[in-house]
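Chain order of the listed sequences is P and F.
Its first residue numbered 591, the first sequence is counted upward by one per residue in the numbering used here.
Its first residue numbered 216, the second sequence is counted upward by one per residue in the numbering used here.
Check each hint, because a few of them may be wrong.
Label-pair restraints from in silico Cβ distances [stated by the list, open to error]: (1) P:Asp648 x F:Gly507: 24 to 32 angstroms; (2) P:Pro602 x F:Ser493: 15 to 23 angstroms; (3) F:His682 x P:Ser630: 17 to 25 angstroms; (4) F:Arg445 x P:Glu653: 41 to 49 angstroms; (5) F:Ala419 x P:Lys685: 46 to 54 angstroms; (6) F:Ala541 x P:Leu683: 58 to 66 angstroms; (7) F:Gln504 x P:Gly634: 49 to 57 angstroms.
Quick caveat, the hints were computed from the structure, so don't treat them as lab data.
Cβ atoms here follow ideal geometry from the backbone N, Cα and C, with glycine treated the same way.
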Amino acid sequence: MPLKILILDDEPIVGQRLKATLEKEGHNVETFVNPLEAVSRLEGKTFDIVVTDIRMDDMDGIEILELVLQKSARTKVIMITGYATLEVARESLAKGAFDFIAKPFKLKEMRQAIEKAVDALQQENPGNPAGN
Amino acid sequence: MSTITLQLKLRLFIYLGIAIFLLNIPVIYFEITKLNQRLVNLELAEDLYNTILEVRRYEKNFLLYHDRESLLSNRFYFQQASELFSKASMQFQKSFLGSDIAQLGKALQEYEKFEKLYSNPSALTTNERIETKLRNAGKDVVAAADTLLKMQRRRVSRAAGNALKWPLIFMGAMLVLFLIGAKIIIADVVRPFGLIEKAMQKVAHGDFSPIPYGNKNERRAGHMVAAFNRMVQELESREEQVIHSRKIASLGTLVSGCAHELNNPINNIVLTADVLNSKREMTTERQEQLMGDILNQALRASEIVKNLLEFSRAETSVHKEFDLAALLRETMRIAENHIKLSHVTVHDKIDDNLPRISGNHQGLQQVFLNLITNAVHAMEGGGNLTIRAQRENGNKVKVQVEDTGTGIDESILPHIFDPFFTTKDVGKGTGLGLSVSYGIIKKHGGQIQVQSKPGRGTIFTVTLPVHTKIDQDLTPPCGERMA
Chain P
591 MPLKILILDD EPIVGQRLKA TLEKEGHNVE TFVNPLEAVS RLEGKTFDIV
641 VTDIRMDDMD GIEILELVLQ KSARTKVIMI TGYATLEVAR ESLAKGAFDF
691 IAKPFKLKEM RQAIEKAVDA LQQENPGNPA GN
Chain F
216 MSTITLQLKL RLFIYLGIAI FLLNIPVIYF EITKLNQRLV NLELAEDLYN
266 TILEVRRYEK NFLLYHDRES LLSNRFYFQQ ASELFSKASM QFQKSFLGSD
316 IAQLGKALQE YEKFEKLYSN PSALTTNERI ETKLRNAGKD VVAAADTLLK
366 MQRRRVSRAA GNALKWPLIF MGAMLVLFLI GAKIIIADVV RPFGLIEKAM
416 QKVAHGDFSP IPYGNKNERR AGHMVAAFNR MVQELESREE QVIHSRKIAS
466 LGTLVSGCAH ELNNPINNIV LTADVLNSKR EMTTERQEQL MGDILNQALR
516 ASEIVKNLLE FSRAETSVHK EFDLAALLRE TMRIAENHIK LSHVTVHDKI
566 DDNLPRISGN HQGLQQVFLN LITNAVHAME GGGNLTIRAQ RENGNKVKVQ
616 VEDTGTGIDE SILPHIFDPF FTTKDVGKGT GLGLSVSYGI IKKHGGQIQV
666 QSKPGRGTIF TVTLPVHTKI DQDLTPPCGE RMA
């Protein structure tokens, strides 16, 4: 069951590596480096999973989180940050993030987080994880 | 002069003043008593003189009319004059008027001799020769009495002069003493205090140069200056420790920023290595691309570490020639992460043709990093940070760090360079950044100024001479102390 996944990180390599891995698992992956471009894409399309960095130049990952959940409450948002502080983690989880991954992470950790998200989506809406 | 301490000098003057004052009292008492005595004497001399004139008046009447009454009166007054004379001679002997008195005494005796010739009534007949002798003797008596009187008057006037002179002399001496004392107090107390006050203001602004012993005024203040310089030296060594700890503190801030910054390349390396490590098949080209990514990210991480190391390097006062523009850009790079996290936009208006300047690279970098960090702190919600640098007239360079942040309230503006003054919350700022910066710029012979409008932003302006001569004596061997 292919999921629509958006990945936002201002480090291009993160997107490149995750996209390659996740596409191999059969998901539809779109990657963005610029948060503003990602926002305009998010406004046009509803994703199943959004992976976003917290600290970025033009925009805060928390803002992205709020924006995504406002538009589609069932979308699972996974936060990435180099700032692995408890406060940021607590804030993003309190604001409705599904999971939280601290840099540096391995592909496996991200895959596990995505799988957890898939499970959650299936539980919420069995048979139609994409919500279509 | 310098061997006598100030206290001893002042004590000496006070005692001398009291001595002069005490001496003044008996002298004035003595002079007034003398004057008084002489006035009494003068009165006596006047009485004597007047009585003698009476004697002569009756003598003249007798010689004109040959009457008994005039002769009796003449006798009576002569008797009185003799009494006055004996009183006077007793008084005047004491006053060293011996010769004048003796002369009058002789004249009186002579007069008496001729006068006695008229004691028997038969002698009432005229005798030209005796009359003339009597007249001459009378004249002599008057002349001697007159001399005595004049002498007496002169002595009174002299005593009056003395009675006036001595107080004046003492007052003059007191005045001279007072002036010398005042001069000593001004030279040894007031001026040194002024000197030290000025030096203290400099210290308050982080300039720890000791007071030189150069000129006379400074030498006079010897003890105080030496004590002050000792204190300043001590303070300066503390300040150096403070600079060091301040650096460690700012290093802490930087480290947390750099940790984030380091995490990115490390994460990229981990992810890429992970892909390479997976058992999936891939083309050689793909493998090379991934290896290239790892290499690039590793270099990026090493660059960040290099920046950190450069900042934390131990030696702080190496004096060398360097490119100021490069230093400013390097500093901006160090603060880049902090700037980005605060959503601050940087405007680089650094003139590319800045002259190379000589100075303490490390110290100046600390100053500019401090200014930039402060500017970013003032713009928590984002803003514009403008760094300007250009050459100024008179072989100077001007660097401005301008922010659009909260600004500094006018009431605290004069204190921002004071040590330990901070507007940040407890535990967030040491309040040493700007005072340390001020000290560093001062040591370069430069200036640091601030303009601020609350709510609009702040501009810090640093002016540095192109060729700085740092007084090596004033810069402690930090290599040793900081090691």
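Within 41 to 49 angstroms: is that where the Cβ-Cβ distance between Arg445 of chain F and Glu653 of chain P falls?
Taking Cβ atoms as reference, Arg445 of chain F and Glu653 of chain P lie about 58 angstroms apart, which means the hint is violated.
That 49 to 57 angstroms hint for Gln504 of chain F and Gly634 of chain P (C-beta), does it hold up?
violated, 31 angstroms
For the hint 24 to 32 angstroms, verify it against the beta carbon of Asp648 of chain P and that of Gly507 of chain F.
The hinted range 24 to 32 angstroms holds for Asp648 of chain P and Gly507 of chain F, with Cβ atoms some 28 angstroms apart.
Using the C-beta atoms of Pro602 of chain P and Ser493 of chain F, is the stated range 15 to 23 angstroms upheld?
holds, 20 angstroms
Starting from the hint 58 to 66 angstroms, judge whether the C-beta atoms of Ala541 of chain F and Leu683 of chain P obey it.
violated, 44 angstroms
Assuming the hint says 17 to 25 angstroms, is it satisfied by the Cβ distance from His682 of chain F to Ser630 of chain P or not?
violated, 55 angstroms
With respect to the beta-carbon atoms only, verify the hint that Ala419 of chain F and Lys685 of chain P lie 46 to 54 angstroms apart.
Roughly 48 angstroms apart at Cβ, these two residues keep to the hinted range, so it holds.
Consistency note: the structure conflicts with the earlier hints numbered 3, 4, 6 and 7.
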